[in-house]
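S.K.: Sequence:
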Amino acid sequence: MKNGSRKKTPVAFLTACFFCGMLQAYAAGEGQSPYWLGGVSPKAPPARMVSLAPSITEILFELGQGTRLVGVTRFDDYPPEVKKLPKVGGFVDFSVEAIAALSPDAVLCTPNLAGRQRLEPLLKLGIPVLVIPSYTLE
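Okay, so the sequence shown: first residue is 396 according to our numbering, each after it adds one.
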């Protein structure tokens, strides 16, 4: 009987791990899609964008869309082209005035770096904000 219970233990453990993994995958998938804050989106694809996250900036350049960026954070340092772009502040201490002065069609950010309350002034100015969730900062 002892031998039989030893065989069941690994199976039970693996089954529990499987279900925990499934739950984690389900939870991670919920709310992990990009969304326009307040449901306000641009009327046309944005030609002028401000990025409030270096990770988003790098992705845009990798996708060949870096020329659409008109402003970035002071933390952006890659690729080298971003050094020429106007800085709008940091992740959470960005300047609404500096962003508005760049006349962007959209601002891109991550939810963990800029809270909704801080982004509301941009919406009031009619600047759409695309929130792009990320799993890590890497």
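Please keep in mind that the hints were generated in silico from the structure rather than gathered at the bench. Certain hints may be false.
Stated by the list, open to error - Here are the simulated lysine-lysine pairs, DSSO-like style, with alpha carbons at most 27 Å apart:
#, residue 1, residue 2
1, Lys482, Lys519
2, Lys519, Lys438
3, Lys482, Lys438
To be verified - Per label pair, the in silico range of CB-to-CB distance:
#, residue 1, residue 2, range
4, Asp472, Ser529, 10 to 20 Å
5, Lys519, Lys482, 33 to 43 Å
6, Lys479, Ser428, 24 to 34 Å
7, Gly433, Ser498, 16 to 26 Å
8, Gly459, Gln512, 15 to 25 Å
9, Pro475, Gly434, 35 to 45 Å
10, Thr462, Gln512, 11 to 21 Å
11, Asp472, Lys438, 12 to 22 Å
12, Lys519, Glu457, 27 to 37 Å
13, Lys438, Ala496, 33 to 43 Å
14, Pro429, Arg513, 30 to 40 Å
15, Pro516, Arg443, 11 to 21 Å
16, Tyr473, Tyr530, 30 to 40 Å
The beta-carbon is built from N, C-alpha and C at its ideal position, and this holds for glycine as well.
S.K.: Give a verdict on every hint.
M.R.: Right, here's what the structure says about each hint:
| no. | hint | verdict |
| --- | --- | --- |
| 1 | Lys482 - Lys519 | holds, 21 Å |
| 2 | Lys519 - Lys438 | holds, 16 Å |
| 3 | Lys482 - Lys438 | holds, 26 Å |
| 4 | Asp472 - Ser529: 10 to 20 Å | holds, 18 Å |
| 5 | Lys519 - Lys482: 33 to 43 Å | violated, 23 Å |
| 6 | Lys479 - Ser428: 24 to 34 Å | holds, 32 Å |
| 7 | Gly433 - Ser498: 16 to 26 Å | holds, 20 Å |
| 8 | Gly459 - Gln512: 15 to 25 Å | violated, 34 Å |
| 9 | Pro475 - Gly434: 35 to 45 Å | holds, 36 Å |
| 10 | Thr462 - Gln512: 11 to 21 Å | violated, 32 Å |
| 11 | Asp472 - Lys438: 12 to 22 Å | violated, 33 Å |
| 12 | Lys519 - Glu457: 27 to 37 Å | holds, 32 Å |
| 13 | Lys438 - Ala496: 33 to 43 Å | violated, 21 Å |
| 14 | Pro429 - Arg513: 30 to 40 Å | violated, 18 Å |
| 15 | Pro516 - Arg443: 11 to 21 Å | holds, 18 Å |
| 16 | Tyr473 - Tyr530: 30 to 40 Å | violated, 20 Å |
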